[in-house]
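Taking the hints into account, I'd like the entire structure generated from these sequences.
Chains A and B, in that order, give the protein sequences. Quick note: the first sequence uses the working numbering, first residue 8, plus one each step. Quick note: the second sequence uses the working numbering, first residue 8, plus one each step.
Do not take every clue at face value.
Since the list gives no way to pick out one identical chain from another, each pair is judged satisfied if it fits inside one copy or across any two copies.
[To be verified] Below, computed lysine-lysine pairings styled on DSS-like, alpha-carbon distance capped at 25 angstroms: (1) K172 x K245; (2) K199 x K288; (3) K199 x K164; (4) K288 x K264; (5) K28 x K199; (6) K305 x K82; (7) K245 x K199; (8) K264 x K86; (9) K28 x K305; (10) K86 x K305; (11) K288 x K245; (12) K109 x K172.
Note that these hints are calculated values from the structure, not bench results.
Below are the chains, spelled out letter by letter.
Protein chains: 2
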Amino acid sequence: TLTLPVIGNGREDDVEVAGGKSVYMVSDGTGWTVEHSVNAALGQFEHCLVDRVCPVNTHLFSGIVDMEPLMEIIKQAAKEGALLAYTLADPSMAESAKQACKLWGVSSTDILGPITEAIATHLGVSPSGLPRWAPERTYSLDEEYFQRIEAIEFTIKQDDGALPKNLHQADIILAGVSRTGKTPLSIYLAQKGYKVANVPIVMGVKLPKTLFEVDPEKVFGLTINHVVLQTIRRARAKSLGFGEDVKSNYSEMDNVKEELDFAGRVFAQNPVWPVIEVTGKAIEETAAIVLRLYHDRKNRCSMPRISKRY
Amino acid sequence: TLTLPVIGNGREDDVEVAGGKSVYMVSDGTGWTVEHSVNAALGQFEHCLVDRVCPVNTHLFSGIVDMEPLMEIIKQAAKEGALLAYTLADPSMAESAKQACKLWGVSSTDILGPITEAIATHLGVSPSGLPRWAPERTYSLDEEYFQRIEAIEFTIKQDDGALPKNLHQADIILAGVSRTGKTPLSIYLAQKGYKVANVPIVMGVKLPKTLFEVDPEKVFGLTINHVVLQTIRRARAKSLGFGEDVKSNYSEMDNVKEELDFAGRVFAQNPVWPVIEVTGKAIEETAAIVLRLYHDRKNRCSMPRISKRY
Ligand SMILES: Nc1ncnc2c1ncn2[C@@H]1O[C@H](COP(=O)(O)O)[C@@H](O)[C@H]1O
Ligand SMILES: Nc1ncnc2c1ncn2[C@@H]1O[C@H](COP(=O)(O)O)[C@@H](O)[C@H]1O
Ligand SMILES: [Mg+2]
Ligand SMILES: [Mg+2]
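Set out below in structure tokens:
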């Protein structure tokens, strides 16, 4: 059996766990679901997490398909006084986790149990109880798999204004000045299966002709507050190795403002393009806004919805 | 207030919802958490979903921060006989959703309520009750934000063996023959903040010298079953516009086998590189395995864990 002991949560390396409350996260699969859920739930405690007023440390244990490592982890959670959040498909594993937590005084939450039960009742079908990596499961390469890969490869190829002749093949085109997050946003959308091209708006550089030939409904402008943009560009310049004192054109306030104005004029000349303000938004938030507009434009109805079949 | 009506789940476009049970997904934020959870829970019903024996249609409604659209959606769910899964940070919104569902006979599940409550008790702190886009919240560009963007940009630049002189800067290097999923895997890991470079192994092409100069502990070989690889390559050749009947070198079985053997010899000569079998694995599954090994190698201890601070 495949046994994945522990997976990192984000890029954070193994930090000294000095002080702070612990949250243990256990999955028989990749652990991405429990990680995503705990991370979103922690968003409700930002007021307390900020500046590490009440520090929290999460620990992800994935690929836990056997009883023995499961019990070890729960024992350790008890020792550390940790909270346990888990996703375990096998009902006997889930039940054992619950019982062991009770026995050893560990608070625990089954992340997917309730929704899985609700779906079972809704469909009138029992859950398989098979974890992601059960040998009985067969993963088949479906159309979606190929489509996602194609989207990712297309999006990489089209980064930073490359190959403007391909713009008509894109599902979504992002336009904005440097450091408005076009590249990470493109990649985020590509992972969801959309073919994305991004086109930088640079002062004094002519935009590709094809940008104005494609369906304007698929073009999205990105804009950002000039002070925030300057901060980001300064960080960028620093990471590119320019000294703090070197005043680069790129991050000087006058230039930043002028370039944003220039972009604003381009957007004004193309009123069909929605302009999205990215200041203070995480990439996944801007992605949600872009996709809302994208699908909204496709099916204009009073209660728009996008459906996926399973 | 920001109101996002509905967001797509994956690339699937607005499908005719003929037959099948519906699952409504509602969030006051992006909707990615409820989508992720429902998707994982549906994994437990694959035996029934396959070939659409018991078809399921999901519908994602995001950015629902006001009572009125919330009630409209629940009414519609009642009409369609849908199940409702939601994430609503504002306790009065969550409570209203629950009550309305009860009143109108809609089964409902609060995806984050239980884990949020558990964390509140664990920390001894009340949840803020503020949704992601509440004006009171301020999103700050932290170090992690810049690190993730840098990782994504690095990874794009290093795709497909480009700029081998930079291999020493990578956190993770993936090596494998064409169509083992190096590119989507690299991008998946980059989104998590890792700087990834991928190096194609091509029959008769010399691998870059730098690949053998870097720390071998950060290099991962990818391998795949030859029949599956041929299928993938045929699909690839087709999508590149080669006819079905054109036998390309690329997807002919002899060549596929020979190239995999060649890669196998490279891996044998570099025994420190783990070789990961990707056959039948989704990208996020391979990513979990790579990161398990990556972190395992960093902190070799009996109960390895990776910690993240909040
Ligand atoms: N396709 C799938 N088939 C069966 N179980 C799955 C599937 N995807 C996820 N799961 C289960 O859902 C939970 C969360 O998965 P993960 O996000 O990989 O940790 C685990 O209990 C997995 O075993
Ligand atoms: N950083 C955050 N601060 C406050 N609430 C959040 C944060 N991130 C996510 N949430 C909440 O967590 C739930 C899931 O978020 P989402 O994945 O954006 O739909 C929603 O109720 C959001 O309002
Ligand atoms: Mg860029
Ligand atoms: Mg590739």
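Right, here's what the structure says about each hint:
1. K172 x K245: This pair counts as between: shortest inter-copy Cα distance 22 angstroms, intra-copy 34 angstroms.
2. K199 x K288: Answer is both; intra-copy 19 angstroms and inter-copy 18 angstroms each pass.
3. K199 x K164: both (17 angstroms within a copy, 21 angstroms between copies)
4. K288 x K264: within (20 angstroms within a copy, 48 angstroms between copies)
5. K28 x K199: between (34 angstroms within a copy, 23 angstroms between copies)
6. K305 x K82: between (53 angstroms within a copy, 24 angstroms between copies)
7. K245 x K199: This pair counts as between: shortest inter-copy Cα distance 22 angstroms, intra-copy 32 angstroms.
8. K264 x K86: neither (55 angstroms within a copy, 51 angstroms between copies)
9. K28 x K305: Close across copies (24 angstroms), not inside one copy (46 angstroms); limit 25 angstroms.
10. K86 x K305: between (54 angstroms within a copy, 24 angstroms between copies)
11. K288 x K245: within (22 angstroms within a copy, 40 angstroms between copies)
12. K109 x K172: neither (62 angstroms within a copy, 54 angstroms between copies)
This entry does not satisfy hints 8 and 12, going by the numbered hints stated previously.
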